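Produce the entire structure from the sequences given, and follow the hints as far as they go.
Keeping their order, the protein sequence lines are chains V and R.
Per my numbering, the first sequence starts with residue 1, numbered consecutively.
Per my numbering, the second sequence starts with residue 1, numbered consecutively.
These are calculated hints, taken from the structure and not from any lab test.
As the structure is a prediction and not an experimental result, all values here were calculated from the model.
C-beta atoms are modelled at their ideal positions from N, C-alpha and C, and glycine is treated no differently.
Treat the hints loosely; a few may be bogus.
Pulled from the structure, derived: some chain V residues nowhere near chain R, Cβ distances all over 10 Å [as the list claims (entries may be wrong)]:
#, residue
1, VAL43
2, ASP50
3, VAL76
4, GLY144
5, PHE205
6, ALA252
7, ARG288
In silico DSSO-like cross-links for lysine-lysine, where the CA-CA straight-line distance does not exceed 30 Å [as the list claims (entries may be wrong)]:
#, chain 1, residue 1, chain 2, residue 2
8, R, LYS104, V, LYS212
9, R, LYS104, R, LYS162
10, R, LYS231, R, LYS131
11, R, LYS231, V, LYS212
Partner residues aside, some chain R positions facing chain V, computed with beta carbon under 7 Å [unchecked claim]:
#, residue
12, VAL31
13, ILE87
14, GLY94
15, VAL120
16, LEU125
17, SER262
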Amino acid sequence: MARKARLDTSPYLFILPFVLFCLLLMLYPVVFSLTLSFREATVDTFVSGDMPFNGLTQYQAAVADPIFWRAVVNTVLFAFFSILFQFTIGFALALLFQLNFPLKNFCLAALLIPWVLPVLTAANIFKGLFNDIGPFNQIFHMVGLGPFPWLAEPAFAFPATIVANIWIGFPFNFILLYAGMRSIPIEVYEAAKIDGANSWKRMVFITLPMLKPVSAAVLMLGTIYTVKVFDLVWVMTGGGPANGTQLLSTYAYQVGFSLLNFGEAAAIATLMVLLVLLLNLVQMALQRE
Amino acid sequence: MRTTFATLPRWWITVAALTVMAILLSPFYWVLVGSFMTPAELFGSQMSLWPKHFAFENWSVAFGRLWPHIQNSLFVSAAASIGTLLITAPAAYGLVWRKPRGRKTLFAFTLMTQMLPAIVFVIPLFIVFTKIDLVNTLAGLTLADMTFTIPFALIMLSAYMKDLPYELVEAALVDGAGQLRAFLMIVLPMTLPGLITVGVFSFLIPWGDLIFALSLITDDSLQPLTLQLYKAFGQYGIDWGFLLPGSVLTAVPAVIFVIAASRFIVAGVTRGAIK
Numbered sequence: 001m002a003r004k005a006r007l008d009t010s011p012y013l014f015i016l017p018f019v020l021f022c023l024l025l026m027l028y029p030v031v032f033s034l035t036l037s038f039r040e041a042t043v044d045t046f047v048s049g050d051m052p053f054n055g056l057t058q059y060q061a062a063v064a065d066p067i068f069w070r071a072v073v074n075t076v077l078f079a080f081f082s083i084l085f086q087f088t089i090g091f092a093l094a095l096l097f098q099l100n101f102p103l104k105n106f107c108l109a110a111l112l113i114p115w116v117l118p119v120l121t122a123a124n125i126f127k128g129l130f131n132d133i134g135p136f137n138q139i140f141h142m143v144g145l146g147p148f149p150w151l152a153e154p155a156f157a158f159p160a161t162i163v164a165n166i167w168i169g170f171p172f173n174f175i176l177l178y179a180g181m182r183s184i185p186i187e188v189y190e191a192a193k194i195d196g197a198n199s200w201k202r203m204v205f206i207t208l209p210m211l212k213p214v215s216a217a218v219l220m221l222g223t224i225y226t227v228k229v230f231d232l233v234w235v236m237t238g239g240g241p242a243n244g245t246q247l248l249s250t251y252a253y254q255v256g257f258s259l260l261n262f263g264e265a266a267a268i269a270t271l272m273v274l275l276v277l278l279l280n281l282v283q284m285a286l287q288r289e
Numbered sequence: 001m002r003t004t005f006a007t008l009p010r011w012w013i014t015v016a017a018l019t020v021m022a023i024l025l026s027p028f029y030w031v032l033v034g035s036f037m038t039p040a041e042l043f044g045s046q047m048s049l050w051p052k053h054f055a056f057e058n059w060s061v062a063f064g065r066l067w068p069h070i071q072n073s074l075f076v077s078a079a080a081s082i083g084t085l086l087i088t089a090p091a092a093y094g095l096v097w098r099k100p101r102g103r104k105t106l107f108a109f110t111l112m113t114q115m116l117p118a119i120v121f122v123i124p125l126f127i128v129f130t131k132i133d134l135v136n137t138l139a140g141l142t143l144a145d146m147t148f149t150i151p152f153a154l155i156m157l158s159a160y161m162k163d164l165p166y167e168l169v170e171a172a173l174v175d176g177a178g179q180l181r182a183f184l185m186i187v188l189p190m191t192l193p194g195l196i197t198v199g200v201f202s203f204l205i206p207w208g209d210l211i212f213a214l215s216l217i218t219d220d221s222l223q224p225l226t227l228q229l230y231k232a233f234g235q236y237g238i239d240w241g242f243l244l245p246g247s248v249l250t251a252v253p254a255v256i257f258v259i260a261a262s263r264f265i266v267a268g269v270t271r272g273a274i275k
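Okay, here's the thing in structure tokens:
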């Protein structure tokens, strides 16, 4: 009987530390953040300790600010163009790596480097490459163009941050699509070959349709990760110049830690979560068609 | 042997792949050679692909200045990695094989947290840690970083646990071993590759973290490597001779990991994607 009791309780002992961590350091902060978004939490109330409940005031303040909408548009465009190019480059590489060739595994591992690098390193690299007199402008100079004010003008800085993010994210798309393509049974291709389908036709009629579940997962994860991007833009431009690269993540951080308005920052954070959900719903709807 | 698409001579493809790789990795090449260049050469009128003379002093200065912060990063990353494994290894095993009540909810919650932006955790943790005096402590930063590593580690470890041949555990239990003993003597050794992979990732994530360090650590002596490097932007412009070697230094653990474990990563990701 005693033995039976021990066997029954021990699963809960195994998961107890995890459950405690989840409750104290994950669930509690999430709920705290949500309730904070309905409270006045500024420097004054933070010091005095009572953060009075004030309903939707924070949300109203957030959406009344044009910078917020700028950040929403930027976040959506940033995600769209990042994912478009990450996916395209990843897909092309995945196709190339379906072939067998010497040094394949070496190339594959090396191509993962941008993805495993700390984001700070990647951000510093692109801050240097896009410097006024940095390599990109040196290259444009050689063909008689520029110099371009990459990080000094919003119209240039925004694409510059997207280029950097594409660089960080393409390996993730590549490796997942590569794995997805490898899991398509080779017999399907062989049958198509016997039926006379050329390699282009095999890609359009076999690879693309059979890759759909993996592509959908990659795009969904890509959306989630891209909307979360903070470090890269924070280090490269800090959201500037003139909010030209301001994303919701950087804007929420500024409102929280520069303006010390934690309530409004928490409201923006909640709206960010809603945006992720919305983008994923749109994606699912598009994929169904 | 997969000849799915075209049949070209195989070395041709290698040349093509290496060319593509060279283009895609050129930014990384730039930071590597750039870390040995003087700022004058780095941003001269001509593009320089190889240092005219190696400015090793960039590296010695950067290393000297960053060493205390490297130690902070090592401490936080190691502590977070060990803590993550201690918490998630038993949990992943328990959730997958012991099937406690509420496991579906726990899994769903864990997956859901992956969707949340960091700011959702940063603000509440900053407020709470301020109240309980955990801001400006490495312990506080470690705990905060673990909110990144724990859900990720649980998801990844659960996949490894599912592959565990459970008959071996049952056999040990029949032989009279307790649950804890079976876990320590059978489950852990059998999932070692997974534990190592997850342990390394749980080291690299805190190592590269900026947002928690930025908001929780203001005391200069406690700043991890990333934060100290970020602060190098300063009001006097950017000291590239310091920033580039520092950026390479920050990347060292990740690059070592890719070189050492590329086969495992590829196999792991491949498996994850198929499931």
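Each hint, compared with the structure:
1. Chain R leaves VAL43 of chain V outside its interface by the beta-carbon criterion, the shortest separation being 12 Å against a cut-off of 10 Å.
2. Taking the minimum C-beta to C-beta distance to chain R, about 13 Å, the non-interface status of ASP50 of chain V holds against the 10 Å cut.
3. No beta-carbon of chain R comes within 10 Å of the beta-carbon of VAL76 of chain V; the shortest separation is about 15 Å.
4. In this structure GLY144 of chain V is separated from chain R by more than 10 Å, as the shortest Cβ-Cβ distance comes to about 14 Å.
5. PHE205 of chain V, annotated as away from the interface, keeps every beta carbon of chain R farther than 10 Å; the closest lies near 13 Å.
6. Separation of ALA252 of chain V from chain R is inadequate, the least Cβ-Cβ distance of about 5 Å not exceeding the 10 Å criterion.
7. Distance check on ARG288 of chain V: its Cβ is at least 21 Å (rounded) from any Cβ of chain R, clearing the 10 Å threshold; non-interface status holds.
8. Under the criterion of a C-alpha separation no larger than 30 Å, the hint pairing LYS104 of chain R with LYS212 of chain V is consistent with the structure, at around 27 Å.
9. Annotation: proposed proximity of LYS104 of chain R to LYS162 of chain R holds, straight-line Cα distance about 15 Å (limit 30 Å).
10. For the proposed pair LYS231 of chain R and LYS131 of chain R, the alpha carbon gap of about 26 Å is at most 30 Å, so the pair holds.
11. Distance restraint check for LYS231 of chain R and LYS212 of chain V: the Cα-Cα separation of roughly 44 Å exceeds the 30 Å cut-off, and the hinted pair is therefore not satisfied.
12. A hinted interface residue such as VAL31 of chain R counts as satisfied when its beta carbon comes closer than 7 Å to some beta carbon of chain V; here the least separation is about 5 Å, so the hint holds.
13. Residue-level restraint check for ILE87 of chain R holds (minimum Cβ-Cβ distance to chain V is 5 Å; threshold 7 Å).
14. The beta carbon of GLY94 of chain R is positioned within 7 Å of a beta carbon in chain V (closest approach about 3 Å), and the interface hint is therefore held.
15. Taken as an interface hint, VAL120 of chain R checks out: its beta carbon lies about 5 Å from the nearest beta carbon of chain V, inside 7 Å.
16. Against a cut-off of 7 Å between C-beta atoms, the interface hint on LEU125 of chain R holds, since the closest Cβ of chain V lies about 6 Å away.
17. Taking 7 Å as the C-beta contact cut-off toward chain V, the hint placing SER262 of chain R at the interface holds, the least distance being around 3 Å.
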